[in-house]
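Quick note, the sequences are listed as chains A and B, same order.
Residue numbering for the first sequence follows this note's numbering, beginning at 1 and increasing consecutively.
Residue numbering for the second sequence follows this note's numbering, beginning at 1001 and increasing consecutively.
It is possible that some hints are incorrect.
Stated by the list, open to error - Chain A side only, calculated, beta carbon under 10 Å to chain B, not exhaustive:
1. V18
2. Y40
3. A73
4. Q220
Hints in this document: simulated from the structure, not taken from any laboratory.
Ideal Cβ placement from N, Cα and C applies to all residues, glycine included.
If you want the building blocks of each chain, they are given just below.
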Amino acid sequence: MAANVFYFGDSERRLFGVYHAAAGRGRRGIVLCNPWGGEYLHAHQTLRVLAQRLAEAGQHVLRFDWYGSGDSAGECTEATPPGSWAEDLGWAIDELKDIANVRTVSLIGLRLGAAAAALVAPTRQDVKALVLWEPVLEGGPYLDELTDDRASSLAFEDTVDARGFCLTGAMREAMATVTPDLIGSRQPPTLLLCGSHDPSRHDRIRQRLAEAGVEWADEQYDGPSIWIEEQFGSSGIPVAALKKVTEWLP
Amino acid sequence: MSELVRERAVSFGPDAGLVGILATPGGGPVGDTAVILPNAGVIHRVGPNRFGVRIARTIAELGLPVLRMDLSGIGDSAPRRDTTDLQESVERDTDAAMAYLSEAHGARTFVFVGICSGARLSLRTAFRDTRVTAAIVIDPPAYKTARAVASHLGPRLVRPRSWRTALAMGNRGIVDLVRGAGGNAAEGAEEAPSPPAPSSWPDRLPEWPTKREMGEALDRLVGRGTKMYWIYTGDAVSQLYNYRDQLRDSFPEACASPHLDWEFLEDAAHDFPTEASRRVALQLIRDWLAASNLVG
């Protein structure tokens, strides 16, 4: 089936999107929230397959690129995720509701995209469910991962090369503030979805979900970490993860 | 992206199954030439580290419309249903891209810009279609020269650890060390890397041409006036391309033509992971397009 590709947003912030229409009379919408940088490139195929499967299951799906990433306007250095991504996500939710004629949406956030989804979800009454897929909700360790000596170098001024993408000082400041405290009591029902290797690494998130009194589910899957470069192109699609998402969503 | 460039999402080809982003100069195109950027490997149309986006916007700012496209089955393009042969599929995809740009935008000639597999595709398309009047190829196939082999082997042969490892592996290890085994680009010998696909040479340039085939292809391309800029990075084929004029030493006759230029970015990696390497490459592309009279 031909992809429905288009730009939306306003003239100052043109965002690229791909709309997957629901099979049958779908009444629900889903917005996928990409990871940052190289992880986005490596996860692209999996997220496309996820969108197709969700559409086949009767959901309207919008994949989109954050401002300054992918095919959207802007340069990588112009964004300060996840905070600046909140505006983009707002546009995406409104766009999906408009084109699919749905009243509510669910958000699926992968890696740093999960942080943006967690930021936005409690602020909007039209967001009814949230999937945090291998979420990056601890910015400090994430930045360490991006900027380890092997991977990073100074690009210019206060910007470093981080696994192929520019990481400005403003971005590092924004990412460093990300903690599980993003999760508040007004979070919609949430699925925490993680790979089965070392599940304890997300214990702080589990603790916060419990503290906040959020209705949440904890699922793990066996499958590749498709956002990692070393597994890109060779590891296949994590079908177990896609199955858990599809089965959990309302 | 500057205000000089406008981007829109397009679908084209059979059942509108091919997807691309068309970047057009804000003031309208200069002339009737359009640029096509096919995929680099299996990365979707944005390119490695989003470098495809930067290349397209840079060229569009100079006045040429640029289509970054996903080949069938890659990115957001649908798989082809009319063939299962990969080479035939990509050929039909590039034909569809040129047809789209001709019909929708009046393009009559084309420039292909490709990285890695995109570079090989760009050369194959230029070879078979005279409407392709120029190509910028980044990390195309490389061919060994005596100097390249000596540069590669020399440091290894004087390193005691290399010999210890080779001796531990027995006869195979010593042979590999002396032959400088490694890398995956075309060999300087006449046979192509395994497994060799059925060759359609001389009508079509193979995916991995032998040195002889590439030499004859280059002679044909420069003979018809096709302008080419070959750029090698320091690590993709580093075992097989390790000094600037290796291309000239491989194909001296073709390189004597004013239509063929080349560059070696020794400090750049295959996927341009640093901003510095991207900026250097973009400036080279700007300068070459201007010098080639392809832009105003």
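Hints and how they fare:
{"no.": "1", "hint": "V18", "verdict": "6 Å, holds"}
{"no.": "2", "hint": "Y40", "verdict": "9 Å, holds"}
{"no.": "3", "hint": "A73", "verdict": "5 Å, holds"}
{"no.": "4", "hint": "Q220", "verdict": "28 Å, violated"}
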